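Model the full structure from these sequences, guided by the hints.
From first to last, the protein sequence lines stand for chains C and G. The opening position of the first sequence corresponds to residue 12 in our numbering, with each subsequent residue numbered one higher. The opening position of the second sequence corresponds to residue 577 in our numbering, with each subsequent residue numbered one higher.
By construction, these hints were calculated from the structure, which means they are not laboratory data. All values reported here derive from a predicted model rather than from experimental measurement. Worth double-checking, as some hints may not be accurate.
According to the in silico footprint, chain G covers these stretches of chain C (three or more CB under 8 Å from chain G) [unchecked claim]: (1) 16-28; (2) 31-44.
From the derived model, a few chain G residues whose C-beta atoms are all more than 10 Å from chain C [said to hold, decoys possible]: (3) Asp603; (4) Leu604; (5) Asn637; (6) Glu657; (7) Ser658; (8) Ala661; (9) Glu662; (10) Ala665; (11) Asn731; (12) Gln732; (13) Gly743; (14) Lys752; (15) Leu753; (16) Lys754; (17) Gly758.
Derived EDC-like pairs (lysine to aspartate or glutamate); straight-line CA-CA distance at most 20 Å [claimed, not checked]: (18) C:Lys54 to G:Glu726; (19) G:Lys614 to C:Asp150; (20) G:Lys769 to G:Glu726; (21) G:Lys769 to C:Glu35.
Heads up, the beta-carbon is just placed ideally off N, CA and C, and yes, glycines get one too.
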Amino acid sequence: MTEERLTCQQLEEVYELYALGSLEAAERDEIEAHLTHGCTHCKQGVADAMALNAMVLSFVPEVVPPRELKHRVLAAIGYERPGWFWAGALAASLMLIVALWLGIQEREHYSELADARRDVINITADRDRLNQALLFLSDPETTPVSFGRGQQAPPRGYVFLHPQLGVMLIASNLPPAGEGKAYEMWVIPKGGAPRPAGLFQSDGTRALHVLGGPVDVATLGVVAVTLEPAAGSAAPTTTPIIAAQVARS
Amino acid sequence: MRVLKLLPFALAFGILQVVLRLPNDGDLIRRLKAREPKAMAELYDRYGRIAYSVVLRVVHNPSVAEDLVQETFIRVWNRMESFDAERGALGPWVLTVARNRAIDYLRSVDGRMQAGAVELEKLERPGFFADMGAQALSMDRVRRVKSAFEKLNPNQKTVIEMAYYEGMSQTEVAEKLKQPLGTVKTWTRAALKILRDELGEAAIA
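So this is what it looks like as structure tokens:
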């Protein structure tokens, strides 16, 4: 433990730098020695410094964050307001479908019609995935498991396990897989070999993938994701980008 | 009535909800400790905008800022258990966690201070935010400190911003500004003394 060589009065002028984590090691150790020894003067001084620092930070010009950030934050803790967000997402999807359908009526070119139909299929697929996600999130039997927490370079997110519905993965910060590539999810039983659990893509910000059907949650050890050729692989060929430990202790 | 007179000032700088310990913070903290997801939505409504503003000011990248704000709120959610509902200052805590996440990111990108992450985590302990109380965060103090901050000379403002928004040590600041370390220390400590004294004056007034 560091000896106290400086007095509280000498340390007073650097409490704020200590609270910012910007103090050089020698002085930082001095303050920590005071705090460790129960120095009430330094403890109150550091608390006051924290308050002052928060004030200074609050002087920053305000910028309005994107609206979807709130949804991300709430989704990250496994909660989203079903009353408006999911309903809103479904309504938006339906409105897009209607809009596309009306647009199709006016189009004369077959190629445009084919493109629009493809869009409808994609949107319908998106809507179905959102519905599926809602099923997971609204069922009390669903178990969420986070991954990537605390890492400097995510991906991170949640794996949701449900004995009947299957396994759902929601990941943020997953870069696009790239040309000719796809992400492949694997379910790995405790002490067993990885089993393919489907291919999916990421739009660069987040990805949602569901392995439907009953799953034996009790024997499941890890849910992992690797980067594979677009057609998929029978066994992982690259190092997992995501490895969520889902085994119950 | 005094509070009402100060209200336009507070709103102008967007600081009302951040630095004050709001009367109903205790209730919100208790609901967060009880893991009520709706309380998390309320926490975001209260502090999401200012947290995003601080993080964006540090990282200058909206996409990264969104990730870090998300990380901030998850961290607060996960550590709420040890936060003091009676004495804890929620706004300063959220703001500190947000700033530290951003600085951690900046340091990891720059390859600076590898042990920085651990150090900053220690400085986010809820215990540090339990002794501020409403008095330390009064509107009068905020007003005085803001006024003093604006009167810092350019050198003082530069070194303060490098410490707060770039997470630089005094040595790093000196290297970047190509100034003697002693000079940088003098500027920084003089600036902090001005702000601190203003805080103290407000406490006496």
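Right, here's what the structure says about each hint:
1. 16-28: holds (count 4)
2. 31-44: It holds: at least three residues are needed, and the stretch 31-44 of chain C offers 6 whose Cβ sits within less than 8 Å of chain G.
3. Asp603: At about 19 Å from chain C, Asp603 (chain G) clears the 10 Å cut-off, so the statement holds.
4. Leu604: At roughly 15 Å from the nearest Cβ of chain C, Leu604 (chain G) sits farther out than 10 Å, so the non-interface label holds.
5. Asn637: holds (12 Å)
6. Glu657: It holds; Glu657 (chain G) is separated from chain C by about 14 Å at its closest Cβ, greater than 10 Å.
7. Ser658: With a cut-off of 10 Å, Ser658 (chain G) remains clear of chain C, as the shortest Cβ separation is near 16 Å.
8. Ala661: Non-interface label stands for Ala661 (chain G): nearest chain C Cβ at 17 Å, farther than 10 Å.
9. Glu662: Answer for Glu662 (chain G): holds, closest chain C Cβ roughly 15 Å.
10. Ala665: violated (7 Å)
11. Asn731: The assertion about Asn731 (chain G) holds, with a minimum of 16 Å to chain C.
12. Gln732: With a cut-off of 10 Å, Gln732 (chain G) remains clear of chain C, as the shortest Cβ separation is near 12 Å.
13. Gly743: violated (6 Å)
14. Lys752: The claim holds: Lys752 (chain G) sits with its nearest Cβ about 13 Å from chain C, beyond 10 Å.
15. Leu753: About 15 Å separates Leu753 (chain G) from the closest Cβ of chain C, which puts it past 10 Å; holds.
16. Lys754: It holds; Lys754 (chain G) is separated from chain C by about 19 Å at its closest Cβ, greater than 10 Å.
17. Gly758: holds (13 Å)
18. C:Lys54 to G:Glu726: At roughly 28 Å apart (the allowed maximum being 20 Å), Glu726 (chain G) and Lys54 (chain C) break the hint.
19. G:Lys614 to C:Asp150: holds (17 Å)
20. G:Lys769 to G:Glu726: holds (14 Å)
21. G:Lys769 to C:Glu35: At roughly 18 Å apart (the allowed maximum being 20 Å), Glu35 (chain C) and Lys769 (chain G) satisfy the hint.
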